[in-house]
Amino acid sequence: MSDNELVLDEELRDVYQEVTNVAMGQAADSLARLLNVFVVLPIPNVNILEAGELQMALQSASDNESVSAVCQGFIGKGVAGEALLIFNDSSFQDIAKLMKYEGEIDDAVQLELEMDIASILIGAFLNGLAEQLDMSFSQGHPVVLGQHCDISELISSNSARWSKVLTLEINYTIKDYNINCDLLLLFSDDSIDRLNEIASYLLE
Amino acid sequence: MSTPVLICDDSSFARKQMARALPKEWDIELSFAGNGQEALEAIHEGKADILFLDLTMPILDGYGVLEAIRAQDLPTMVIVVSGDIQPEARERVRGLGALEFIKKPITTDKINEILTAYGIIA
Numbered sequence: 001m002s003d004n005e006l007v008l009d010e011e012l013r014d015v016y017q018e019v020t021n022v023a024m025g026q027a028a029d030s031l032a033r034l035l036n037v038f039v040v041l042p043i044p045n046v047n048i049l050e051a052g053e054l055q056m057a058l059q060s061a062s063d064n065e066s067v068s069a070v071c072q073g074f075i076g077k078g079v080a081g082e083a084l085l086i087f088n089d090s091s092f093q094d095i096a097k098l099m100k101y102e103g104e105i106d107d108a109v110q111l112e113l114e115m116d117i118a119s120i121l122i123g124a125f126l127n128g129l130a131e132q133l134d135m136s137f138s139q140g141h142p143v144v145l146g147q148h149c150d151i152s153e154l155i156s157s158n159s160a161r162w163s164k165v166l167t168l169e170i171n172y173t174i175k176d177y178n179i180n181c182d183l184l185l186l187f188s189d190d191s192i193d194r195l196n197e198i199a200s201y202l203l204e
Numbered sequence: 001m002s003t004p005v006l007i008c009d010d011s012s013f014a015r016k017q018m019a020r021a022l023p024k025e026w027d028i029e030l031s032f033a034g035n036g037q038e039a040l041e042a043i044h045e046g047k048a049d050i051l052f053l054d055l056t057m058p059i060l061d062g063y064g065v066l067e068a069i070r071a072q073d074l075p076t077m078v079i080v081v082s083g084d085i086q087p088e089a090r091e092r093v094r095g096l097g098a099l100e101f102i103k104k105p106i107t108t109d110k111i112n113e114i115l116t117a118y119g120i121i122a
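Those sequence lines, one after another, are chains L and R.
To convert, note that position 65 of the first sequence is 65 in UniProt numbering; the numbers rise steadily by one, no gaps.
To convert, note that position 65 of the second sequence is 65 in UniProt numbering; the numbers rise steadily by one, no gaps.
With the rest of the complex left out, here is chain L (with noise of 0.2 Å):
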């Protein structure tokens, strides 16, 4: 691929969809687990976009709700991407009841929660997508992108930097609950064609 196109490989992008479809899978079945729900699974969405399209798919995603945020840097045989995990805020009323929480939901607790759920579901997203393309992923630190915040302030400064990005998105839904979060994973330039290139294997 040269580094101007913004096309994905039809062929790449199945796998991107399959081995997404994998991964979220396992992460479902973390949180599931862990909060004894059911987790509702999308097809999920793979896409290159620009930097300026991101922001609008992350609107549309959104609902226009207030949203808040926690991203987690990762790196593994040079590919390095950010995941991001975006709760509609109306998601914590119930996800304090799951977690069995009792108590007033302020911004420490609500940001705990949200802690607590990102560590689960990336880290097993993570790993059911290293494992499926045969490497490892280093994890950094989670970091609060905003709390009560519109979606564009969220990666209105992060993004600029990046020219175009491989999205996988993945929309969470709890039966029976009003929960809803966005699992997005973004990989930028130089590691989307390092990213094709370990895909690649899989078609052989």
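Worth flagging that the hints you see were computed from the coordinates, not collected in a lab.
Even for Gly, the Cβ is constructed at its ideal location relative to N, Cα and C.
Treat the hints with care, since some could be wrong.
Simulated crosslink set (DSSO-like; lysine-lysine; CA at most 30 Å straight-line) [to be verified]: (1) R/Lys47 <-> L/Lys175; (2) R/Lys16 <-> L/Lys77; (3) R/Lys103 <-> L/Lys77.
Some residues of chain R that are not near chain L, with every Cβ distance over 12 Å (derived) [as the list claims (entries may be wrong)]: (4) Thr3; (5) Asp27; (6) Ser31; (7) Glu45; (8) Met77; (9) Ile79; (10) Asp109.
Model the placement of chain R on the given structure of chain L, informed by the hints.
For chain R alone, coordinates are given in the frame of chain L:
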């Protein structure tokens, strides 16, 4: 006579992976479907004595296929192959009449084990 076997998955990569994992010595007539709707058509055409079925698919998903098979009493044995490994997903497909549940990514050993357990291969 060769056994008609159908692999139904929306990912062509997953279909290939699945086909590669089938035992080499198994005498089959292999067909493919890209969604549940296509799978039901293939079953009607007698192409699926055994069906390897994905769950998460567009148009008609795996649960929908299982429901249709049961409602119409279609002659096929279903082995669900899915990335959704939650206990509730397993129970649900068993409840809908699937013979077995195999988690993705698929391995030849696991397929051999199941086909042997059901006396499909010796």
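Okay, the hints, checked on the actual structure:
no. : hint                 : in the structure
1   : R/Lys47 <-> L/Lys175 : 35 Å, violated
2   : R/Lys16 <-> L/Lys77  : 26 Å, holds
3   : R/Lys103 <-> L/Lys77 : 27 Å, holds
4   : Thr3                 : 26 Å, holds
5   : Asp27                : 27 Å, holds
6   : Ser31                : 19 Å, holds
7   : Glu45                : 26 Å, holds
8   : Met77                : 23 Å, holds
9   : Ile79                : 17 Å, holds
10  : Asp109               : 16 Å, holds
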